[in-house]
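First to last, the protein sequences are chains D and W. Take the position in the first sequence, starting the count at 1, then add 53; the result is the number in the numbering used here. Take the position in the second sequence, starting the count at 1, then add 297; the result is the number in the numbering used here.
Treat the hints with care, as some may be off.
Below, in silico cross-link-like pairs of lysine-lysine (DSSO-like), each with a Cα-Cα straight-line distance of 30 Å or less [as the list claims (entries may be wrong)]:
hint, chain 1, residue 1, chain 2, residue 2
1, D, LYS218, D, LYS88
2, W, LYS473, D, LYS492
3, D, LYS414, W, LYS476
4, W, LYS386, W, LYS365
5, D, LYS543, W, LYS365
6, D, LYS466, W, LYS365
7, W, LYS495, D, LYS492
8, D, LYS397, D, LYS88
9, D, LYS466, W, LYS492
10, D, LYS617, D, LYS543
11, D, LYS397, W, LYS492
12, W, LYS473, W, LYS447
13, W, LYS365, W, LYS447
14, D, LYS492, D, LYS397
15, W, LYS492, D, LYS139
Quick caveat, the hints were computed from the structure, so don't treat them as lab data.
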Amino acid sequence: MIQAEHIQFEYFRRDEDGNVTEMVEAVKDVSMRVKEGEFVAIIGRNGSGKSTFAKLMNALLTPTEGSLIIAGYDAMDEDNVWEIRKSAGMVFQNPDNQIVGTVVEEDVAFGMENQGTPEDEMLIRVAESLERVGMTAYRESSPNHLSGGQKQRVAIAGVLAMHPKCMIFDEATAMLDPAGRAEVLHIARQLNDQENITVLYITHEMEEVTVADRVCVMYEGELVMEDTPRSLFAKREELLRYGLTIPTVTKLAAELAARGISLPADIMNVDDFVSGMNQVMAYKNADAIRNVRSSQGLTEGRMDYSYSKPMNHSSGGMEEEERARLAMTEGLVCNHISFDYHPKTIYSERVLQDVNLTISKGEMIALIGHTGSGKSTLIQHMNGLLRPTEGQIFYEGRDIYEKGYDRSYLRSKVGLVFQYPEHQLFADTVLNDVCFGPKNLGLPLIEIQQRAFEAIRLVGLSDAVYDLSPFELSGGQMRRVAIAGVLAMKPDTLILDEPTAGLDPAGRRELFEILESLHANGMTILFITHDMDAAAEYADRILVMNQGRLVYDASVEEVFSHGKELRELGLQTPSVTLLMQELRQNGYPVPTAIYRLEDAVQSLEAYLRAE
Amino acid sequence: MIRDITLGQYYPVNSIIHRLDPRTKLIFTFVYIISLFLANNRYTFLLAAVVMVLYIALSRVPVSYMLKGLKGILVFILASVVINMFFTKGDPWIDIGVLHISWQGFRTAVYTMARVIMLVLGSSVLTYTTTPTKLTDGLERGLRGLSRLKIPVHEISMMIGIALRFIPILVEELNKIMKAQQARGANFDQGSVFKRLKNLIPVFVPMFVSAIRRANDLATAMEARGYQGGEGRTKLHPLRYTAADAVGYLLTFIYMASMIVIRIMITRGMVEQLEQMKPPV
């Protein structure tokens with residue numbers, strides 16, 4: 054299907070006068086063969102050349118050197134461009150930016166319209182493609198009203214309608230929540246299995262990679278590794294060096310192996326792990342399994358249910374005592390807040406319902422919930438960007454809407470980092486951008502600069518970036534500059550909306566390290582995330598939102614012990630918890646109340662040693 | 298949510314007017330507006346009003362919706378009535394202190410008001426019964442002849458279509474960026490005009506960057522799906538005239554013809570007898 058021999062792609066960066074300042078080699082000497090019907094995943098850090106490579110495969114770009122044949126057409130020949138694009142369709146990252154039509158069916162037809170397909174044929178193919186991605190019911194909807202996952206399914210249908218031989222997914226799941234990701238991956242896998250469509254799947258999610266037939270790793274424009282997922286994940290050190298990671302289950306197996314427990318090296322999912330355990334146990338003594346001591350004895354000392362609070366108590370009138378109690382609280386209090394969009398109109402829509410919550414100083418909290426559950430609306434209340442329709446918000450004991458309260462003080466103390474915060478950068482230099490916040494506080498110049506220097510240091514950037522334009526930086530660096538812009542206000546509480554969205558595994562790790570060090574220095578942190586592993590790993594307390602209500606507010610242990618209820622809300626438990634449950638179902642009396650990798654390692658080690 | 302904002306004001310019911318080809322409705326609206334300026338006496342206005350009532354009734358858009366559209370221009374209508382009423386010279390008819398209302402003034406005021414109201418109603422029905430996409434389609438097809446004059450009709454209509462899709466997204470983004478800068482202490486509603494404009498730089502620069510990024514993404518996505526301009530393209534739902542459109546065109550023609558005939562008859566004084574039913578001066 055694809056034959057790439059020593060392809061090279063470079064472009065020139067120019068200054069304002071058009072002089073070449075730099076030659077960027079985005080793809081360096083890559084050779085790759087993809088057979089018909091293969092499912093090939095491509096992974097690599099942000100900026101490693103994956104997307105450029107994908108565009109070469111769709112003839113959006115032409116290699117500057119080498120030879121490239123796609124579906125039998127020579128991609129070096131300009132005349133074949135349209136034939137190649139017809140045979141190799143592409144699904145892009147941002148669902149909003151690839152939909153052309155104002156109605157779903159029109160968008161699906163867009164590619165066919167371009168080819169001059171007759172009308173009757175188009176109607177049949179539109180119906181067919183929508184059916185295959187399960188979007189028939191939305192045929193006449195406006196794309197603006199669909200979820201991210203649904204929009205990507207529409208985009209896939211648009212490609213399918215052109216009857217391609219090959220489909221390229223260019224980080225098509227990066228901007229989706231876990232449910233959306235699962236939808237897209239499932240469809241990609243299905244098309245590959247049932248229609249024999251060749252798939253090139255670019256992603257940052259290691260769990261998605263496990264379904265591929267083959268994985269290619271790109272690093273600085275080069276193809277550095279190529280293997281089956283199974284053998285690839287056994288090479289942990291190498292992957293880490295390329296800024297990647299391995300699935301959590303594989304990590305767990307590797308940790309155990311490092312402690313002398315010889316699980317097979319090629320474990321990449323829960324099933325593998327279970328069969329690996331079976332092997333280990335069979336080796337020791339198959340009969341021993343049923344005679345082991347009960348799981349209670351193994352329960353970790355870390356369990357602590359005391360944090361759990363009763364939820365959803367009815368909202369009565371505000372008692373004087375209650376007010377006095379809230380006024381004593383040092384941190385941030387949301388007292389029975391509700392919020393309507395467009396209140397008192399026919400468009401009125403309740404997005405928050407009676408949310409009650411106290412954030413004490415020094416906490417590290419994860420806020421989870423599926424898309425549209427009200428998470429982002431809730432955090433915008435916390436620094437006075439949205440005003441609750443009902444209820445009050447207290448900060449340091451004062452109602453932030455009481456007469457004479459200075460909300461700019463609140464905003465300097467409770468920093469809010471939006472999703473994709475790098476999209477808010479605007480100044481000519483990094484330093485000026487970071488100075489924007491403190492400048493708005495009316496501080497003296499020397500103080501402004503000191504704060505900016507400090508903030509840039511806190512996010513782990515060197516002073517070499519001060520005078521660079523923020524737009525010259527990489528995506529990960531831009532995000533850190535944006536966070537520094539909030540830190541320069543010297544907040545005592547930092548609230549972040551999906552801070553790791555779109556980052557590669559190394560970028561995510563680094564970001565959480567920054568948050569942990571801020572927290573260690575006394576900052577209160579609340580972050581929204583879709584990654585349950587990260588929530589369990591980094592937070593002490595978890596808030597769960599569903600349909601505008603706060604349904605859980607408790608410790609990690611308490612919240613994730615409600616696995617069944619969470620699944621009903623479209624959420625998952627951490628992957629180690631899923632694994633422990635699976636092991637237990639397979640007859641291993643291991644504790645299931647395990648939420649962090651480290652605990653899983655200890656618990657399994659203890660269990661296996663006891664055998 | 299902001300994404301729910303629909304541009305134009307399409308009212309989704311299934312009426313005969315909704316089903317008409319957008320070109321038919323565009324032509325009718327155009328002809329109707331011209332006819333309102335031809336109308337200069339009670340008979341022509343009466344005819345125009347009757348046609349408008351029928352048109353609205355057939356469209357099945359609730360009258361309250363129609364009136365809502367008029368509310369926005371109420372001040373304008375009242376002002377024009379007052380100006381016409383008091384400042385048109387003619388035989389004094391009613392005196393209120395120093396103010397004189399002439400019969401001619403009163404008549405001009407009423408006619409102007411009728412003209413404005415029916416003009417607004419006429420174009421409202423068009424937007425209530427036609428989706429923005431159909432409207433641009435109709436314009437594209439209707440103006441196709443202009444591409445011979447090197448006017449890029451297809452490209453313009455593609456641009457309008459894309460704009461319609463992206464405006465709600467950009468509005469949402471604008472809202473988000475403003476909030477993000479507010480979270481960093483920006484203030485958008487204080488200070489002099491100049492200062493306020495300056496305060497908007499942290500909003501406009503990211504909006505501009507984002508619009509360019511989106512444009513770039515969309516252009517790439519369109520190219521990847523084989524877009525090469527208007528030539529050789531087909532349409533999923535091409536505009537096609539039906540019998541109803543033929544009737545529509547016929548009625549439009551009859552209406553315009555009647556307007557002209559009545560107007561000519563009046564100027565020739567053939568219905569002068571009827572004109573004598575003037576109120577006493």
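So, going through the hints one by one against the coordinates:
Simply put, D/LYS218 and D/LYS88 have alpha-carbon atoms about 11 Å apart, close enough for the 30 Å limit, and the pair holds. Proximity of W/LYS473 to D/LYS492 is assessed by CA-CA distance (about 21 Å); at most 30 Å being required, the pair is judged to hold. Straight-line distance between C-alpha atoms of D/LYS414 and W/LYS476 comes to about 24 Å, which keeps the hinted pair within the 30 Å bound. A C-alpha spacing of about 34 Å is found between W/LYS386 and W/LYS365, which places the hinted pair above 30 Å, so the restraint is violated.
Between D/LYS543 and W/LYS365, the direct Cα distance comes to roughly 50 Å. Violation of the 30 Å bound is thereby established for this hinted pair. Distance hint between D/LYS466 and W/LYS365 is unfulfilled; the C-alpha atoms sit about 45 Å from each other, more than 30 Å. Using a Cα cut-off of 30 Å, the hinted pair W/LYS495 and D/LYS492 holds, with the two alpha carbons roughly 14 Å apart. Restraint check for D/LYS397 and D/LYS88: the C-alpha separation of about 60 Å exceeds 30 Å, so the hint is violated.
Pair hint D/LYS466 plus W/LYS492 holds up; C-alpha atoms about 25 Å apart against a cutoff of 30 Å. Proximity of D/LYS617 to D/LYS543 is assessed by CA-CA distance (about 41 Å); at most 30 Å being required, the pair is judged violated. For the hint pairing D/LYS397 with W/LYS492, the CA-to-CA distance comes to about 34 Å; that exceeds 30 Å, so the pair is violated. Among the hinted pairs, W/LYS473 with W/LYS447 is inconsistent with the structure: their alpha-carbon atoms are about 40 Å apart, more than 30 Å.
For the given pair, W/LYS365 sits about 40 Å from W/LYS447 by alpha-carbon distance, which is inconsistent with the 30 Å threshold. For a cut-off of 30 Å, the pair hint linking D/LYS492 to D/LYS397 is broken: about 38 Å separates their Cα positions. Using a Cα cut-off of 30 Å, the hinted pair W/LYS492 and D/LYS139 is violated, with the two alpha carbons roughly 52 Å apart.
Comparing the model with each earlier hint shows violations of hints 4, 5, 6, 8, 10, 11, 12, 13, 14 and 15; every other hint is respected.
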